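When you line the sequence shown up against my numbering, it's residues 51 to 149, in that order.
Keep in mind that a hint or two might mislead.
Pairs of lysine-lysine residues, derived as DSS-like cross-links and limited to a Cα-Cα distance of at most 30 Å, are as follows [to be verified]:
hint, residue 1, residue 2
1, K89, K54
2, K89, K148
3, K54, K131
4, K114, K102
5, K148, K131
Label-pair distances were calculated between CB atoms; the ranges are [to be verified]:
hint, residue 1, residue 2, range
6, S53, K143, 45 to 55 Å
7, L77, R127, 28 to 38 Å
8, E72, S122, 35 to 45 Å
9, K148, R65, 45 to 55 Å
10, M112, Q142, 17 to 27 Å
11, K56, P101, 12 to 22 Å
12, V121, E66, 51 to 61 Å
13, S82, N135, 24 to 34 Å
14, D86, N135, 19 to 29 Å
15, D86, K143, 32 to 42 Å
16, K56, Q142, 28 to 38 Å
17, K102, F129, 41 to 51 Å
18, G144, R110, 22 to 32 Å
19, R127, R105, 19 to 29 Å
Calculated from the structure, these hints are not laboratory results.
Please read all numbers here as calculations on a predicted model, not as lab measurements.
All residues carry an ideal CB built from backbone N, CA and C; glycine is no exception.
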Amino acid sequence: MSSKEKRGAVIALHREGVPNLEIARRLRMPRSTVYDAVKRFRRPGDCKDRPKAGRPKPQRSMWKMASDLGVSERTVRRFVKEDLNLRPFKMQKGHYLKG
Numbered sequence: 051m052s053s054k055e056k057r058g059a060v061i062a063l064h065r066e067g068v069p070n071l072e073i074a075r076r077l078r079m080p081r082s083t084v085y086d087a088v089k090r091f092r093r094p095g096d097c098k099d100r101p102k103a104g105r106p107k108p109q110r111s112m113w114k115m116a117s118d119l120g121v122s123e124r125t126v127r128r129f130v131k132e133d134l135n136l137r138p139f140k141m142q143k144g145h146y147l148k149g
């Protein structure tokens, strides 16, 4: 069950007059989660998901582009690297530095 579905279930039970503690028991979730969902529901227009923090995921991957174009993934990587002068970025793990 996604968070939207859980929130919808909480709101539906709240509208039926079910107490928050009973909602938490029925849906097997923490009371604080139920209270937060009800609090967001009571504020007008605030039932939507909040914007996510951080950089969004890329919309298209190399293998997806290769599949759409009918070529190998290596061909797409070579084209991006040589013709577009773009370099792939991969997160590097490093040592923890103490201050």
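Status of the hints after comparison with the structure:
Simply put, K89 and K54 have alpha-carbon atoms about 15 Å apart, close enough for the 30 Å limit, and the pair holds. Of the supplied pair hints, the one linking K89 and K148 is violated, its CA atoms being roughly 41 Å apart against a limit of 30 Å. At roughly 40 Å between alpha-carbon atoms, K54 and K131 are farther apart than 30 Å, so this suggested pair is violated. Note on K114 and K102: the hinted pairing holds, with a Cα-Cα distance of about 24 Å set against a maximum of 30 Å.
At most 30 Å may separate the alpha-carbon atoms for a hinted pair to count; K148 and K131 exceed this at roughly 36 Å. For S53 paired with K143, a C-beta distance near 30 Å fails the hint of 45 to 55 Å. Remark: the range hint 28 to 38 Å for L77 to R127 is contradicted by a beta-carbon distance near 46 Å. E72 and S122 have their C-beta atoms about 57 Å apart, which leaves the hinted 35 to 45 Å range violated.
Our hint of 45 to 55 Å for K148 and R65 holds, since their Cβ atoms are close to 53 Å apart. The hint said 17 to 27 Å for the Cβ distance between M112 and Q142, and at roughly 19 Å that hint holds. A beta carbon spacing of about 19 Å between K56 and P101 agrees with the range 12 to 22 Å that was offered as a hint. One distance hint, 51 to 61 Å for the beta-carbon pair V121 and E66, holds here, with the actual separation near 56 Å.
Checking the proposed 24 to 34 Å range against S82 and N135 shows it is violated: the Cβ atoms sit about 50 Å from each other. For the pair D86 and N135, the supplied restraint of 19 to 29 Å is violated, since their beta-carbon distance comes to about 47 Å. About 34 Å separates the C-beta atoms of D86 and K143, a value consistent with the hinted range of 32 to 42 Å. For the pair K56 and Q142, the supplied restraint of 28 to 38 Å holds, since their beta-carbon distance comes to about 36 Å.
For the hinted restraint 41 to 51 Å between K102 and F129, the CB-CB distance of approximately 31 Å leaves it violated. A hinted range of 22 to 32 Å holds for the C-beta pair G144 and R110, which are about 28 Å apart. R127 and R105 have their C-beta atoms about 21 Å apart, which keeps the hinted 19 to 29 Å range intact.
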